[in-house]
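Number of protein chains: 2
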Amino acid sequence: MQITNETRIGFIGTGVMGLSMAGHLLKAGFPLAIHNRTRSRGEPLLRAGASWAESPARVAAQSSVVLTMVGFPSDVEQVYLGKDGLLAASGRGSMTIDLTTSSPRLAKRIHEEASRAGVQALDAPVSGGDIGAREARLAIMVGGDRDVFESARSLLGLMGSPSYMGPAGSGQHAKMVNQIAIASNMVGIGEAMAYAVRSGLDPRAVLACIEHGAAGSWALSHLAPKMLAGDYAPGFYVKHFVKDMKIAIESAEELGLDLPGLRLARALYGRLADSGGAELGTQGLFRLFSQG
Amino acid sequence: MQITNETRIGFIGTGVMGLSMAGHLLKAGFPLAIHNRTRSRGEPLLRAGASWAESPARVAAQSSVVLTMVGFPSDVEQVYLGKDGLLAASGRGSMTIDLTTSSPRLAKRIHEEASRAGVQALDAPVSGGDIGAREARLAIMVGGDRDVFESARSLLGLMGSPSYMGPAGSGQHAKMVNQIAIASNMVGIGEAMAYAVRSGLDPRAVLACIEHGAAGSWALSHLAPKMLAGDYAPGFYVKHFVKDMKIAIESAEELGLDLPGLRLARALYGRLADSGGAELGTQGLFRLFSQG
Numbered sequence: 000m001q002i003t004n005e006t007r008i009g010f011i012g013t014g015v016m017g018l019s020m021a022g023h024l025l026k027a028g029f030p031l032a033i034h035n036r037t038r039s040r041g042e043p044l045l046r047a048g049a050s051w052a053e054s055p056a057r058v059a060a061q062s063s064v065v066l067t068m069v070g071f072p073s074d075v076e077q078v079y080l081g082k083d084g085l086l087a088a089s090g091r092g093s094m095t096i097d098l099t100t101s102s103p104r105l106a107k108r109i110h111e112e113a114s115r116a117g118v119q120a121l122d123a124p125v126s127g128g129d130i131g132a133r134e135a136r137l138a139i140m141v142g143g144d145r146d147v148f149e150s151a152r153s154l155l156g157l158m159g160s161p162s163y164m165g166p167a168g169s170g171q172h173a174k175m176v177n178q179i180a181i182a183s184n185m186v187g188i189g190e191a192m193a194y195a196v197r198s199g200l201d202p203r204a205v206l207a208c209i210e211h212g213a214a215g216s217w218a219l220s221h222l223a224p225k226m227l228a229g230d231y232a233p234g235f236y237v238k239h240f241v242k243d244m245k246i247a248i249e250s251a252e253e254l255g256l257d258l259p260g261l262r263l264a265r266a267l268y269g270r271l272a273d274s275g276g277a278e279l280g281t282q283g284l285f286r287l288f289s290q291g
Numbered sequence: 000m001q002i003t004n005e006t007r008i009g010f011i012g013t014g015v016m017g018l019s020m021a022g023h024l025l026k027a028g029f030p031l032a033i034h035n036r037t038r039s040r041g042e043p044l045l046r047a048g049a050s051w052a053e054s055p056a057r058v059a060a061q062s063s064v065v066l067t068m069v070g071f072p073s074d075v076e077q078v079y080l081g082k083d084g085l086l087a088a089s090g091r092g093s094m095t096i097d098l099t100t101s102s103p104r105l106a107k108r109i110h111e112e113a114s115r116a117g118v119q120a121l122d123a124p125v126s127g128g129d130i131g132a133r134e135a136r137l138a139i140m141v142g143g144d145r146d147v148f149e150s151a152r153s154l155l156g157l158m159g160s161p162s163y164m165g166p167a168g169s170g171q172h173a174k175m176v177n178q179i180a181i182a183s184n185m186v187g188i189g190e191a192m193a194y195a196v197r198s199g200l201d202p203r204a205v206l207a208c209i210e211h212g213a214a215g216s217w218a219l220s221h222l223a224p225k226m227l228a229g230d231y232a233p234g235f236y237v238k239h240f241v242k243d244m245k246i247a248i249e250s251a252e253e254l255g256l257d258l259p260g261l262r263l264a265r266a267l268y269g270r271l272a273d274s275g276g277a278e279l280g281t282q283g284l285f286r287l288f289s290q291g
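Chains as they are written, first to last, in numbering that gives the first Met the number 0: chain U, 0 to 291; chain Y, 0 to 291.
So that you can see chain U by itself, here it is in the shape it has in the complex (with noise of 0.2 Å):
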């Protein structure tokens, strides 16, 4: 299919980032349907000119394209496959772009069903967070067929930088690859600027001194100052990481991956989780060593 600013298009899920994505399309001018689970969340959207759906069912009967940016796998599930379900009700030719970080599987599951009912689907999660999503710059990682991805490209772009990863659930594979990254260091970050603090040292000193060389990192330089600092406002939520990882953990299980790193990273963050850290940014887990 070819987008132009007369395709319908549909949004579901519109929670922190789902509001600031689905505004960059409204504001480029595409007829927008929204539907969320309380509507409230999806007023500011209504009140630009988005219309109402009463379900992921009446959002896929009008409209072309629809992306999904919702919470677990299985909110996934549901919505696609679900009761007034997505699927079910989208036109052959329609396109469904789920932005959710979510199984890789389930991605190849939605994809056949998809293929199916003639509807070409894409799993598109994003990085960057809430401000990358605000900003319209998040990395977007896409699976699915070439050519569906080609022809939303431009779409995906009024969010971020789109990027083929490969056949379906090949975008929330590469998810994965960064999440896992990211478990351990954060991991690192935690204990080394716990060490820092629990010897004596200055720990601003010390970052400012190994944070350019070898030891040097998005996270060192962006979340270990703001463990120092006692700041735990959420960037990316401690629930939604550990989400991640259990993800994570079953996909490379089914991949036949020990991956100790990425098992001791969400124990830790589950721990946290677990004693009311649920709600804290990722830096939170500096709370848990700097106790011990």
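Note that these hints are calculated values from the structure, not bench results.
Same chains, same names: a pair is fine if it fits in one copy or spans any two.
Simulated pairs of lysine to any residue, SDA-like, Cα-Cα distance not exceeding 25 Å:
1. Lys-107 with Gly-199
2. Lys-238 with Gly-70
3. Lys-26 with Leu-154
4. Lys-238 with Ala-266
5. Lys-225 with Glu-210
6. Lys-238 with Ser-289
Take the given structure of chain U and dock chain Y to it, following the hints.
Just chain Y now, kept in the frame of chain U:
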């Protein structure tokens, strides 16, 4: 003391890094006496005008400032405190600078014994590897008395960028912070690349997509491509990293800190070393995961 270009300098430990570092001092015009366990390693310096000394004590006897760059904490102990060691032979008012990555506790002990003998001791481990040593771009983390650091600053500046980290042992503590942050990040990168390959992605395309985001790090950009290319040539040896992590774990324990990410990294790198990987670069960890 004030270091001038007539100050007699000693250098003990002319391995790969020491050779480069001592070379910078010689090029700057200082009279240089050297000692090394294996004399032949120091030949390039001797040919360039350095003089040979038969023992650490003999180096001390003819130098006002002695720098050391040896292997293990046990070597540091031997060189400073052993029979024919540095401290007993050092004149009052002379200075020692240990560039070895070694134990913070030993650094404090050396500082104490040095003080008693009227000798000024600094611990000044470096980061930046062979290349950093060759190009005089090392990060140098210095512990000891502040005024002694100020006296040594321009001399250390010939080898890289010195930063004052606090009282004796603080240089070693800062280096431990650096190694603790790197340790878990290497685990995460090895696991992430193993997942990328196993899931059928084009790992280079994924790398290009994620390296400038929240997963980005020096090691992801510089060592992950080597993992994927099977290039395990050492920038930093597995065997040296294992040594550093052992020191870090012992030091953390003395501080009452449990660092499970560091323990895991130490166990994994230990397994790699024991299975023939001791002489690989740290990116060799990938081998462990990709075989799994």
